[in-house]
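Read off the chains here:
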Amino acid sequence: MIKKKITMLGAFAVGKTSLVQRFVNSIFSEKYQTTIGVKIDQKLVKIDDHLVTLMLWDLYGEDDFLKVKSSYLMGSSGYLLVADGTRAKTLEVAISLQKMAREVTQNAPFIFIINKTDLNDLWEIDTEAIDKLRKSGWEVLLTSAKENFRVEEAFDKLTKMMLQQK
Amino acid sequence: MTEIINKGRINPLIDPVIEYVLNNIPPYMGLFVMQTDAEGLLKNWFGPWEKYFKNSPVAGQIIDDYAPFLFGMVPPLVVPMVLSHVQINDKTYVEIHILADEDGSFWVIILDQTRQTGLMHPIVQRFYNSRLKGKKDPTDSSAKNTLAALYLLDFMTFNKSKNAYKMMGNTPDWYSDIGKVHLRNDKAVDLKELFPYLEVFEYEAEETWSGDQDGKVLSGIWEETKSTGEKLYLQAYAIRYDRRNYLLIKPLSQQSALSSEFVQKAREQELTLDRLAVTKKKLKQLLDFKDQFVSIISHDLRSPMGAVIGLTELLLADNSLTTKLDAGQLELLGDIRDEMYRLLDYNDKLYHWSNLELGNFRIVKKPIDASKLISYVKKMHLPKMNDKNIRFETALPASFRMQGDETLLGQALNNLVGNAVKFTPEGGTISLLFKDDKQGKRIEVKDTGMGMDQESCDKLFNGFKRHTSMGTKGERGTGLGLGIVKKIIDAHNFNITVESQPGAGSVFRIQITGS
Chain A
1 MIKKKITMLG AFAVGKTSLV QRFVNSIFSE KYQTTIGVKI DQKLVKIDDH
51 LVTLMLWDLY GEDDFLKVKS SYLMGSSGYL LVADGTRAKT LEVAISLQKM
101 AREVTQNAPF IFIINKTDLN DLWEIDTEAI DKLRKSGWEV LLTSAKENFR
151 VEEAFDKLTK MMLQQK
Chain B
1 MTEIINKGRI NPLIDPVIEY VLNNIPPYMG LFVMQTDAEG LLKNWFGPWE
51 KYFKNSPVAG QIIDDYAPFL FGMVPPLVVP MVLSHVQIND KTYVEIHILA
101 DEDGSFWVII LDQTRQTGLM HPIVQRFYNS RLKGKKDPTD SSAKNTLAAL
151 YLLDFMTFNK SKNAYKMMGN TPDWYSDIGK VHLRNDKAVD LKELFPYLEV
201 FEYEAEETWS GDQDGKVLSG IWEETKSTGE KLYLQAYAIR YDRRNYLLIK
251 PLSQQSALSS EFVQKAREQE LTLDRLAVTK KKLKQLLDFK DQFVSIISHD
301 LRSPMGAVIG LTELLLADNS LTTKLDAGQL ELLGDIRDEM YRLLDYNDKL
351 YHWSNLELGN FRIVKKPIDA SKLISYVKKM HLPKMNDKNI RFETALPASF
401 RMQGDETLLG QALNNLVGNA VKFTPEGGTI SLLFKDDKQG KRIEVKDTGM
451 GMDQESCDKL FNGFKRHTSM GTKGERGTGL GLGIVKKIID AHNFNITVES
501 QPGAGSVFRI QITGS
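Those protein sequence lines, which keep their order, are chains A and B. For what it's worth, my numbering labels the leading residue of the first sequence as 1, then goes sequentially. For what it's worth, my numbering labels the leading residue of the second sequence as 1, then goes sequentially.
None of these hints come from the bench; they were simulated from the model. Keep in mind that a hint or two might mislead.
[To be verified] Quick list of the computed label-pair ranges, beta carbon to beta carbon:
{"id": "1", "chain 1": "A", "residue 1": "MET74", "chain 2": "B", "residue 2": "LYS282", "range": "40 to 50 Å"}
{"id": "2", "chain 1": "B", "residue 1": "GLU206", "chain 2": "A", "residue 2": "GLN106", "range": "15 to 25 Å"}
{"id": "3", "chain 1": "B", "residue 1": "GLN285", "chain 2": "A", "residue 2": "ARG102", "range": "49 to 59 Å"}
{"id": "4", "chain 1": "A", "residue 1": "ILE95", "chain 2": "B", "residue 2": "ILE297", "range": "39 to 49 Å"}
{"id": "5", "chain 1": "A", "residue 1": "GLN164", "chain 2": "B", "residue 2": "LYS162", "range": "28 to 38 Å"}
[Unchecked claim] In silico lysine-lysine, BS3-like type, Cα no more than 27 Å apart, as pairs:
{"id": "6", "chain 1": "A", "residue 1": "LYS31", "chain 2": "B", "residue 2": "LYS282"}
{"id": "7", "chain 1": "B", "residue 1": "LYS438", "chain 2": "B", "residue 2": "LYS284"}
{"id": "8", "chain 1": "A", "residue 1": "LYS69", "chain 2": "B", "residue 2": "LYS226"}
{"id": "9", "chain 1": "A", "residue 1": "LYS146", "chain 2": "B", "residue 2": "LYS265"}
{"id": "10", "chain 1": "A", "residue 1": "LYS132", "chain 2": "B", "residue 2": "LYS281"}
{"id": "11", "chain 1": "A", "residue 1": "LYS89", "chain 2": "B", "residue 2": "LYS282"}
{"id": "12", "chain 1": "B", "residue 1": "LYS180", "chain 2": "A", "residue 2": "LYS43"}
{"id": "13", "chain 1": "B", "residue 1": "LYS378", "chain 2": "A", "residue 2": "LYS160"}
{"id": "14", "chain 1": "B", "residue 1": "LYS160", "chain 2": "B", "residue 2": "LYS51"}
{"id": "15", "chain 1": "B", "residue 1": "LYS388", "chain 2": "B", "residue 2": "LYS438"}
{"id": "16", "chain 1": "A", "residue 1": "LYS43", "chain 2": "B", "residue 2": "LYS192"}
{"id": "17", "chain 1": "A", "residue 1": "LYS3", "chain 2": "B", "residue 2": "LYS388"}
Don't be surprised by glycine CBs; every beta carbon is placed ideally from N, CA and C.
The shape of chain A in the complex, shown without the other chains (with noise of 0.2 Å):
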């Protein structure tokens, strides 16, 4: 069987949690819980007849104190890098996270996600910024972990990206 970790990259309280919880569990919970170090779920998906375990590396949020280390991404056959559509800095730290994680995984696949659809009337995430990271190549998608938009798409989307890499 096929074995490939994935890494969930992003500033704190962006909803990489909610968005694993939403994708192995089906569950989502209202209630902000910081994550401390890492959890690591996994998932088997089916994939254009390929049975694959996700192996899912839930890092916690980077901020001012707490700095990811470049050794949780060894051995990342991709990455989610995820930001908050309602707080426009988190699309700064997953820039700069993207730039450690290109050189860490020599370039594995990953997609960007833009979480929080659900609170569109707080969106500062503007259409030109999502615009400017597509055209540079980036693979965007705009997520809900609590209204389950796009979520299993994200992550399946990916793990085809990470099983075309081989």
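Assemble chain B onto chain A, guided by the hints.
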């Protein structure tokens, strides 16, 4: 037995020890005896050391440097201290006896129990499996060696050789809480399968494990979930000790739980601040919208108000009409005109206020002719001052020079003097004084009016006031006048203060800077 020992290096062997050996030590093969001083330094030894150790003992060596499994056991807690079935390496089980003699020496007696343990193992294993439903391996009893006993302190301990991990001792209680597979000591564990986090940590640990010296390295934190749903944070230590490699896993202490709580709170606070900033931005947008709305409406209302005033003035000036009206009707017409003037004044102030709030003005600082300002203000208020028989005093030193926006400053002084007129009783005095002395350049508006208490002074410039005080002749205010004054003075980077006491009048002082 005495004879055998006397042929070895232990000499003299004192009687109580000989007696102990004779009475308590069964005649197993492989008897090995070590004697230490009170500090635990090796003095003498006897027996086949090569059965248990790679090297020969050295006199003066610390006993647990030579035999790490004795760490913390010399001096013993009780005498004699007896530990059975202690696995000291991959294949050998021993029984250990530790004694103390009257001279302060310690005696460590080691017996080979490998065969006995081998026989006992399957029997005991079956016995415990049936009792504990296979949760624990009972042969891993309490004292395999110091590291193996660490499960009592909540550690999981693994011996690492090449790429294989073998568990030492028992599993601590927390391990069964997280519902992982049952582990046995005699089988290699796929540790990365068990705790995938260790795959990454192994890279860091390898540096310590492959080193020439003893050392340890601490991993980051990872999270496991108990069957109750509760979170459990774990951390690993990679240890190299005496050319052997170990991996220890321990749940984080309460202190760490506290620090994670701290991180949680700090992040929650930052999220709240982010949300507040968004709310503030929205609020500012709403306030700007309100000010724009007020500005447009008050501007558009000026024309119809002016028209009504003009028409009323025409009616009052028309003799053919006024001669036909009685005194009461004429007074009513006069009241309409006066109220319309008041309404127009209020509307003008609203217009100015909203524009000042929006920042829709630009200060044009030019040299000001202060005498013009005095004349303008006097002209505006003279009729009312005459009505109340108020004396108006002015002062302007010949050398007085200042820069500012003449129109806006005129409006500010107009509001201040208007305010003074309102609160000064008949026969009082109002002064508009331009000063330039040691205390700096300033303008003062002084009155002999009713004055205010400190609380009123403190709230005076805080924008719109819902409740305004009535003047001495029942004059009503808009509640905007002093707010407008403050905006204008601030825009000039001047400073305005007020001194007042109930019944003792007020002084408004504009301190002029940079002119």
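Going through the hints against the structure:
| no. | hint | in the structure |
| --- | --- | --- |
| 1 | A:MET74 to B:LYS282: 40 to 50 Å | 44 Å, holds |
| 2 | B:GLU206 to A:GLN106: 15 to 25 Å | 20 Å, holds |
| 3 | B:GLN285 to A:ARG102: 49 to 59 Å | 39 Å, violated |
| 4 | A:ILE95 to B:ILE297: 39 to 49 Å | 46 Å, holds |
| 5 | A:GLN164 to B:LYS162: 28 to 38 Å | 35 Å, holds |
| 6 | A:LYS31 to B:LYS282 | 25 Å, holds |
| 7 | B:LYS438 to B:LYS284 | 42 Å, violated |
| 8 | A:LYS69 to B:LYS226 | 26 Å, holds |
| 9 | A:LYS146 to B:LYS265 | 22 Å, holds |
| 10 | A:LYS132 to B:LYS281 | 26 Å, holds |
| 11 | A:LYS89 to B:LYS282 | 18 Å, holds |
| 12 | B:LYS180 to A:LYS43 | 17 Å, holds |
| 13 | B:LYS378 to A:LYS160 | 84 Å, violated |
| 14 | B:LYS160 to B:LYS51 | 22 Å, holds |
| 15 | B:LYS388 to B:LYS438 | 35 Å, violated |
| 16 | A:LYS43 to B:LYS192 | 17 Å, holds |
| 17 | A:LYS3 to B:LYS388 | 95 Å, violated |
Of the hints listed earlier, those the structure fails to meet are numbers 3, 7, 13, 15, 17, in rising order.
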